[in-house]
Every structure is written in structure tokens, then in C-alpha cells.
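Asks: Sequence:
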Amino acid sequence: MTTWLAKNRYLRVLIANTQYRRLWSAQVVSQLGDWFSSIALYTLVLSLTGSAEAVGLLIGAQFLPAALAGYWAGPLADRLGRRSLMLTADIGRAALALCYLAVDRPERVPLLYLITVLMVLFQAVFEPARKSALPDIVHRDQMVLANAISGATWSTMLCLGAAAGGLVSGYFGHRAAFLLNSLSFLMSAYFVTGLRFSSDEVERTTGAPWGECLSYLRRHPRLAVYMLSKTLWCLGGGITLVLTLYGKREYPLSGGVGESGAISIGLFYAMRGLGSALGPFLAYRIKGHSLKGLPGALVPGFLIGSLGYLLLSHSWSLPVAMACVFFAHLGGSTQWVFSTSLLQLSLKPEVRGRVFALEYTGLNLAVAVSSYLVGRAGDAGWSASELAQLMSSTFLFTGLIMTGLLFVTRGESPETSNGPGHGEDDRD
Numbered sequence: 001m002t003t004w005l006a007k008n009r010y011l012r013v014l015i016a017n018t019q020y021r022r023l024w025s026a027q028v029v030s031q032l033g034d035w036f037s038s039i040a041l042y043t044l045v046l047s048l049t050g051s052a053e054a055v056g057l058l059i060g061a062q063f064l065p066a067a068l069a070g071y072w073a074g075p076l077a078d079r080l081g082r083r084s085l086m087l088t089a090d091i092g093r094a095a096l097a098l099c100y101l102a103v104d105r106p107e108r109v110p111l112l113y114l115i116t117v118l119m120v121l122f123q124a125v126f127e128p129a130r131k132s133a134l135p136d137i138v139h140r141d142q143m144v145l146a147n148a149i150s151g152a153t154w155s156t157m158l159c160l161g162a163a164a165g166g167l168v169s170g171y172f173g174h175r176a177a178f179l180l181n182s183l184s185f186l187m188s189a190y191f192v193t194g195l196r197f198s199s200d201e202v203e204r205t206t207g208a209p210w211g212e213c214l215s216y217l218r219r220h221p222r223l224a225v226y227m228l229s230k231t232l233w234c235l236g237g238g239i240t241l242v243l244t245l246y247g248k249r250e251y252p253l254s255g256g257v258g259e260s261g262a263i264s265i266g267l268f269y270a271m272r273g274l275g276s277a278l279g280p281f282l283a284y285r286i287k288g289h290s291l292k293g294l295p296g297a298l299v300p301g302f303l304i305g306s307l308g309y310l311l312l313s314h315s316w317s318l319p320v321a322m323a324c325v326f327f328a329h330l331g332g333s334t335q336w337v338f339s340t341s342l343l344q345l346s347l348k349p350e351v352r353g354r355v356f357a358l359e360y361t362g363l364n365l366a367v368a369v370s371s372y373l374v375g376r377a378g379d380a381g382w383s384a385s386e387l388a389q390l391m392s393s394t395f396l397f398t399g400l401i402m403t404g405l406l407f408v409t410r411g412e413s414p415e416t417s418n419g420p421g422h423g424e425d426d427r428d
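The sequence shown maps to residues 1 to 428 in my numbering.
Hints should not be assumed to be uniformly reliable.
Unchecked claim - Simulated restraints on C-beta separations:
{"#": "1", "residue 1": "F172", "residue 2": "I91", "range": "52 to 58 angstroms"}
{"#": "2", "residue 1": "F397", "residue 2": "L253", "range": "30 to 36 angstroms"}
{"#": "3", "residue 1": "Y190", "residue 2": "I401", "range": "22 to 28 angstroms"}
{"#": "4", "residue 1": "W382", "residue 2": "A16", "range": "49 to 55 angstroms"}
{"#": "5", "residue 1": "R105", "residue 2": "F407", "range": "50 to 56 angstroms"}
{"#": "6", "residue 1": "R410", "residue 2": "A16", "range": "32 to 38 angstroms"}
{"#": "7", "residue 1": "R249", "residue 2": "L303", "range": "40 to 46 angstroms"}
{"#": "8", "residue 1": "R376", "residue 2": "R12", "range": "32 to 38 angstroms"}
{"#": "9", "residue 1": "L253", "residue 2": "G381", "range": "22 to 28 angstroms"}
{"#": "10", "residue 1": "S385", "residue 2": "L183", "range": "24 to 30 angstroms"}
{"#": "11", "residue 1": "D379", "residue 2": "A176", "range": "36 to 42 angstroms"}
{"#": "12", "residue 1": "D104", "residue 2": "E212", "range": "46 to 52 angstroms"}
{"#": "13", "residue 1": "F172", "residue 2": "E212", "range": "48 to 54 angstroms"}
{"#": "14", "residue 1": "Y190", "residue 2": "L253", "range": "34 to 40 angstroms"}
Read the hints as simulated data drawn from the structure, not as lab findings.
Bear in mind that the values here come from a model prediction, so they are computed numbers and not experimental data.
Ideal Cβ placement from N, Cα and C applies to all residues, glycine included.
When you get a sec, could you build the whole thing from the sequences and use the hints?
Replies: Written out as C-alpha cells, the structure is:
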């Protein structure tokens, strides 16, 4: 057992690096609660309104405000202490999660949207701070491993949280899920309290908030392409609603006393999470962790996603549909984790927070627009199968765009852009 642990590079990162372990623990509990809550929110809105467009608006409320908040969230991450920002965001979200308990009839659905917007604003502060702080606590040669662990954690929490959230909502109703979500943010805040980042101790930039960042990306267009990878993928972000409709209308399962279709929706999200968890590890075994190998995995991620949703549109049973979703997200998670690693390995610390905020803005805007349009199409009579085919075409198209962008910027190597500061194994 000891020999196996010593050889497992992923476990070594967690065991040897106390600071990364704390950041990872905060991610585990908060994202588990997030997915508990998300399944409850989707099924609650669909049950109260009976409208796919209403669910699309909810998804828009989960992503569009984050896109707008990126303008000020990025400079905050570069100017203020990142630990303090993360701690404030966790406490604020813990309080807001309890406010969902007041939504118990159709006329209060607008209140649910408002609470969601406020939750997302705190999330928009938390994420750029977390991503930009990671290079401060992780060595350069372990960055891909750390991102693979973080990506797999998001995916695993999606898998476990969605499945458990579907069961809890199906058997006990949505209120229990909201209470657990609030508790998860308090636990995350506890872990964040023990974090120490070297970038919090250096002098912060006081210049124009975005001029330096945009100028830097113009000088290094290859990095701008890596930043756009997630936005291109998220133009197919309507998959969130597609999976909800498949669980609610095509293969509904429920516990009999809770939300109809909640269990099957949770199972679809669990398969999405499982595929997302395994994808980066499989790609890592094939491509390795060098800067030269990472870009080659970006475009295949889009193509795998396209094929998976095309197969989903022709599924004939719940197990087959779940397998298609699993396969599709093997690809999506790979481009997600690898593009993050490429940025963290190449960006200079002074602009890191703003670049990740700009990336966060783009991907959230893409998801919001995609989800709203898919919701409109669903209410206009499009079947779940037709919507899955639309998502497949979207991933194929955006994959071709990514291919062109990588080709145009092929002359610039990430190594010539800028190297990050080196993290430390342990900052107790």
C-alpha cells in the first residue's frame, strides 16, 4: 500500500502539499453542495412553471451575471488578497442558499432568479481568485496534475452531487438540498481560512484594470486562443437544459413523493460528471504534461463531444442515453483542464486574475445565450432528440473554429510568452 501511494503522482500532490490540499477540500465540499442544489433548482422551476424556457432563464441567471461581473472581478483578484475574496464569497453564498427556502409557489419564481443572480456574483469573485492563486502553491511541473485533480473533483462532485441531489429531491424534496448547500459553503470557508498565498504578500497593480491585460494578450495571441477554448465549448452550454429535458420528459424517474424526473436528471448529470472526471486522466496518459503535448488534446475534445451528443439523439433507453452522455464529456473535460493548465503555465502573475476573469466572462456569456436559445426552441416544439443534434452540430462547428485559431497562431510557443512564478510544496 505504501509503495502504491508513493508511486501515485496524483496522491503525492495532495499528501505533500498542505496548501493545495486545503484548497482542494474547499472545492470538494462547496461543489458537492452546488450540484445538490442545482438539481433541486432545475426540477423545482420545471415543476412550478412547466416551462423549458423558464429553466433556460434559470440557467441564464446562473451564468449571464458572472459574465457581466468579470469586468470588476478580475481586477479584484489581481489587486486584493485572494484568500479574503474567497472567504467573503463563501460566507455570502452560505447565507443566500438559505433564501431559496422561501420559493414555494409559482409567483415566487422571480425571487429564485434574484437569489441565483446574487449567488453567481459571489461565485464570479471566487473562481478567478482560486484559479489565479493555484500557481502560488503548486510547482510548475505539477500544474497539469493539480488541474487534473481539480477538474476530476469538479466532475466527481457533479457525479456524486447530482446523483445524491436527485435522490434527495426525489424522496425528500428540494428544501433538504438547499440546507445542505448552505452548510457546504460554511465548510468551504473553514478550509479557505487556513490558506496562505505568496501573491497576497506582494505589491498589487494599481494601473488601468484592463489595459495591461489586453495588451499582454495582443502580444501573445496563442494565450488568447487558449483563453477562448472554454468559451467555444460553452456555446454548446445548452446541454444543461437538454439533459434536464431528457430526464424530465424522455426517461422520467422519481421517488414518488418528491420532484418528478429528479432521479433520472440526477443520473444524467452523474454520467456527465463521470465522463468529465476520467477524460483528463486518459488524455494525460496519452499526451503527457509538457506544454507541447497539451494543445493537441483541445480539438479532439470538441469532436468527442459532438459525436457523443449525436449518439444521444438516437438513444432508445435510459442506460444507452447515459452511456452517450458519459462518452461526450470525456472530451469536454479534457479541453477544459488542459486549456487551464496552459494558461497557468504561461501567464505572468500580474495579469493572471484578469485573464481568468475574462475567460470566466466569455464562457458564462456563452452558456447563458446557448441555454436561453435552447429553452426557446424547447418551448417552440423541438424534441429533446432534435436539441441534442443541435448541440452536436454546435460542438463540431466550434471545434473547427478552434482548429483554425490554433493553426493561425502555430508560430508562437507558450514557452516564449512568460513563465509563471514557482509554487511551493507546502506553505503552512
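Asks: Determine for every hint whether it applies to the structure shown.
Replies: Hints and how they fare:
{"no.": "1", "hint": "F172 <-> I91: 52 to 58 angstroms", "verdict": "violated, 26 angstroms"}
{"no.": "2", "hint": "F397 <-> L253: 30 to 36 angstroms", "verdict": "holds, 33 angstroms"}
{"no.": "3", "hint": "Y190 <-> I401: 22 to 28 angstroms", "verdict": "violated, 42 angstroms"}
{"no.": "4", "hint": "W382 <-> A16: 49 to 55 angstroms", "verdict": "holds, 51 angstroms"}
{"no.": "5", "hint": "R105 <-> F407: 50 to 56 angstroms", "verdict": "holds, 54 angstroms"}
{"no.": "6", "hint": "R410 <-> A16: 32 to 38 angstroms", "verdict": "holds, 37 angstroms"}
{"no.": "7", "hint": "R249 <-> L303: 40 to 46 angstroms", "verdict": "violated, 28 angstroms"}
{"no.": "8", "hint": "R376 <-> R12: 32 to 38 angstroms", "verdict": "violated, 49 angstroms"}
{"no.": "9", "hint": "L253 <-> G381: 22 to 28 angstroms", "verdict": "holds, 25 angstroms"}
{"no.": "10", "hint": "S385 <-> L183: 24 to 30 angstroms", "verdict": "violated, 39 angstroms"}
{"no.": "11", "hint": "D379 <-> A176: 36 to 42 angstroms", "verdict": "violated, 30 angstroms"}
{"no.": "12", "hint": "D104 <-> E212: 46 to 52 angstroms", "verdict": "holds, 48 angstroms"}
{"no.": "13", "hint": "F172 <-> E212: 48 to 54 angstroms", "verdict": "holds, 50 angstroms"}
{"no.": "14", "hint": "Y190 <-> L253: 34 to 40 angstroms", "verdict": "holds, 35 angstroms"}
The structure does not agree with the numbered hints 1, 3, 7, 8, 10, 11 stated previously, though it agrees with the rest.
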